[in-house]
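Undergrad: Spelled out from the first residue to the last, the chains are:
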Amino acid sequence: MQTARFTAVADHALLISFGDQITDAAHQMVIALDQALTQAPPTGMLEAVPAMVNLLIDFDPVITDHGAVEGGVRALLKTLKPEALQRATRRVQVCYEAPFAPDLPAVAQATGLSEDAVINAHLAGDYQVLMYGFAPGYAYLGGVPGAIQVPRKPVPVRDVPAGSVIVAGPQCLITTLLMPTGWSILGRSPTRVLTDDPHHPFLFDVGDRVVFERISANQLGPVAHG
Amino acid sequence: MADAHLSVSFAGPLVTFQDGGRHGLMRYGVSASGPMDRLAFDAAHAALGNPAGGTGIEVSLGGLMLACTQGDVTVAVTGGDFATVHNAAKGRSWQVLTLKQGDKLTVRAGPGGSWAYVAFAGTLQAAEWLGHSATHAGSGLGGGALRAAQVLRVSDAAVRADREGEVERPPLQGDTAARVVIGPQDTCFDAAAAEVFTTQPYTVSDAYDRMGMRLKGPELPLKGALSIPSEPIVRGSVQVSGDGVPTVLLADHQTTGGYPKIATVISPDLDRLVQYRAGQPLRFQAISAAQAVVIARESAHQRHVYLDCISIARGTLEQRLMRENLNHGVVFE
Numbered sequence: 189m190q191t192a193r194f195t196a197v198a199d200h201a202l203l204i205s206f207g208d209q210i211t212d213a214a215h216q217m218v219i220a221l222d223q224a225l226t227q228a229p230p231t232g233m234l235e236a237v238p239a240m241v242n243l244l245i246d247f248d249p250v251i252t253d254h255g256a257v258e259g260g261v262r263a264l265l266k267t268l269k270p271e272a273l274q275r276a277t278r279r280v281q282v283c284y285e286a287p288f289a290p291d292l293p294a295v296a297q298a299t300g301l302s303e304d305a306v307i308n309a310h311l312a313g314d315y316q317v318l319m320y321g322f323a324p325g326y327a328y329l330g331g332v333p334g335a336i337q338v339p340r341k342p343v344p345v346r347d348v349p350a351g352s353v354i355v356a357g358p359q360c361l362i363t364t365l366l367m368p369t370g371w372s373i374l375g376r377s378p379t380r381v382l383t384d385d386p387h388h389p390f391l392f393d394v395g396d397r398v399v400f401e402r403i404s405a406n407q408l409g410p411v412a413h414g
Numbered sequence: 002m003a004d005a006h007l008s009v010s011f012a013g014p015l016v017t018f019q020d021g022g023r024h025g026l027m028r029y030g031v032s033a034s035g036p037m038d039r040l041a042f043d044a045a046h047a048a049l050g051n052p053a054g055g056t057g058i059e060v061s062l063g064g065l066m067l068a069c070t071q072g073d074v075t076v077a078v079t080g081g082d083f084a085t086v087h088n089a090a091k092g093r094s095w096q097v098l099t100l101k102q103g104d105k106l107t108v109r110a111g112p113g114g115s116w117a118y119v120a121f122a123g124t125l126q127a128a129e130w131l132g133h134s135a136t137h138a139g140s141g142l143g144g145g146a147l148r149a150a151q152v153l154r155v156s157d158a159a160v161r162a163d164r165e166g167e168v169e170r171p172p173l174q175g176d177t178a179a180r181v182v183i184g185p186q187d188t189c190f191d192a193a194a195a196e197v198f199t200t201q202p203y204t205v206s207d208a209y210d211r212m213g214m215r216l217k218g219p220e221l222p223l224k225g226a227l228s229i230p231s232e233p234i235v236r237g238s239v240q241v242s243g244d245g246v247p248t249v250l251l252a253d254h255q256t257t258g259g260y261p262k263i264a265t266v267i268s269p270d271l272d273r274l275v276q277y278r279a280g281q282p283l284r285f286q287a288i289s290a291a292q293a294v295v296i297a298r299e300s301a302h303q304r305h306v307y308l309d310c311i312s313i314a315r316g317t318l319e320q321r322l323m324r325e326n327l328n329h330g331v332v333f334e
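Residue numbers (the working numbering), protein chains in the order written: chain A, 189 to 414; chain B, 2 to 334.
Calculated from the structure, these hints are not laboratory results. Nothing false has been slipped in among the hints.
If the Cβ cut is set under 8 angstroms, some of the chain B residues that face chain A in the computed set are:
| # | residue |
| --- | --- |
| 1 | Arg-28 |
| 2 | Leu-131 |
| 3 | His-137 |
| 4 | Val-182 |
| 5 | Pro-185 |
| 6 | Pro-233 |
| 7 | Gln-255 |
| 8 | Thr-256 |
| 9 | Gly-258 |
| 10 | Thr-265 |
| 11 | Ala-293 |
| 12 | Val-294 |
| 13 | Ile-296 |
Chain A is faced by these chain B residues, among others (derived, beta-carbon under 7 angstroms):
| # | residue |
| --- | --- |
| 14 | Gly-25 |
| 15 | Gly-30 |
| 16 | Ser-140 |
| 17 | Glu-232 |
| 18 | Gly-237 |
| 19 | Thr-257 |
| 20 | Ile-267 |
| 21 | Ala-301 |
Away from chain B, derived, C-beta distances all over 12 angstroms, residues of chain A:
| # | residue |
| --- | --- |
| 22 | Leu-264 |
| 23 | Ala-312 |
| 24 | Gln-316 |
| 25 | Gly-334 |
| 26 | Lys-341 |
| 27 | Asp-347 |
| 28 | Val-348 |
Note that the coordinates shown come from a computational prediction; the quantities given were computed from them, not determined experimentally. Glycine included, every Cβ here is placed at the ideal spot set by N, Cα and C.
Please work from the sequences and hints to get the whole structure.
TA: In structure tokens, the structure reads:
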């Protein structure tokens with residue numbers, strides 16, 4: 189079990205950290221605490237924001253304070269079972285064909301693999317939602333296999349379309365907006381992370397497992413040309 | 002009640018629809034957005050007797066010109082010290098006036114402040130995302146930015162003559178420092194950095210938008226070439242990029258990020274901070290987390306009292322005269 193460190197953030201938040209380096213153990217604790225907070229939020233908690241090695245609790249300072257929230261979290265930590273987490277599995281379709289995979293040749297060249305081998309390695313990854321950030325619906329997935337890990341490009345590319353499946357180092361992301369990115373674009377997905385469903389507006393919860401499924405350009409449908 | 006229509010004759014950049022904000026979704030990468038100056042925004046609705054949190058317009062230094070093309074509607078203009086022109090009559094923000102069909106209203110940069118708010122007696126119609134019209138400027142999600150020739154619709158538009166006139170401004174807090182709680186990553190910096198940040202003067206740079214306010218002033222060197230795992234950000238986080246320059250993150254902040262944060266501005270001081278303009282000097286003062294909670298509670302109470310006070314209709318001119326007369330017993334003598 190990782191030891192928790194508590195840090196006050198302004199008048200209205202508490203940061204709970206489980207380490208300074210990204211490790212599976214630290215992230216498991218974040219997910220376990222996040223799930224416990226969802227079940228039994230401390231009095232005055234407004235929201236919890238899980239990240240790589242820590243989690244922030246935003247609270248109403250009129251109702252509670254840092255010490256009371258810390259007390260509530262300490263009590264929850266005693267009951268956590270990070271090894272028995274409930275994780276949903278989400279399926280995401282990807283078309284790896286041109287012109288939707290502009291960086292596939294470069295990644296193949298950089299890794300010494302064939303394009304098909306890059307695709308198969310990408311499909312074989314054991315992905316997990318680490319956190320959201322950068323922009324609405326930007327979910328950072330960990331689990332890109334070592335064989336196809338490539339660094340960020342030195343200069344970002346502008347106007348990368350929403351639905352692009354991009355990788356950098358051990359992380360993968362499905363973009364939700366037209367944005368610049370320095371990550372490598374391996375494909376395009378018709379699966380929407382911003383779902384437009386008011387009851388489930390975001391496809392992933394932090395901690396979910398993600399499985400990619402290969403589709404053809406025909407299956408990609410009109411989204412591809414939008 | 003009828004609808005009022007207002008045609009946008011001109012809207013500068015970053016003039017957007019906002020409501021009370023889209024709270025509770027930071028875990029999905031969505032900052033709350035909503036007004037930069039939350040107190041001034043709430044004051045606009047309170048001065049009209051509207052329920053809190055409805056849709057209004059945030060006006061940047063770029064300014065806004067409206068023409069009332071249908072119906073009559075009472076309007077509140079609050080925030081900063083902006084200049085207004087109602088037809089030919091010049092005024093300032095912090096007033097309630099009624100636009101009649103054919104009237105024109107201009108709200109533009111005045112002697113001070115960076116953000117003004119326009120609210121309507123009625124319901125301003127705007128596109129919503131996840132139940133809120135608050136605009137996230139970077140993505141355009143929510144009500145969005147106002148554009149020239151766009152027609153604004155206010156349903157159930159009302160004329161509330163008993164609310165016209167000047168709106169009392171929030172209790173003046175003066176040019177005091179913005180108070181911060183040091184951390185959470187102050188240990189990533191040179192030992193002297195927190196001291197430098199809270200004793201040396203800074204100015205607001207030109208790089209100031211709804212996402213954040215980049216500062217000019219003494220650099221805050223990082224200890225070595227440290228990078229931290231991406232971690233949560235709040236409105237008010239002071240993050241320091243690799244060049245040692247601090248930026249205060251604001252309404253449309255990223256929800257997580259990998260730059261260390263030397264301090265966090267307490268929420269009661271953010272409404273005042275956002276009204277600073279490029280070139281204006283400002284100071285930061287360190288307080289403890291416990292002090293911050295005490296200040297937040299006092300501030301919440303004062304805010305309540307102030308909004309309650311301005312939400313009371315003062316009465317029409319006739320009613321006010323009558324009240325004066327009654328007070329002086331003239332009518333019955």
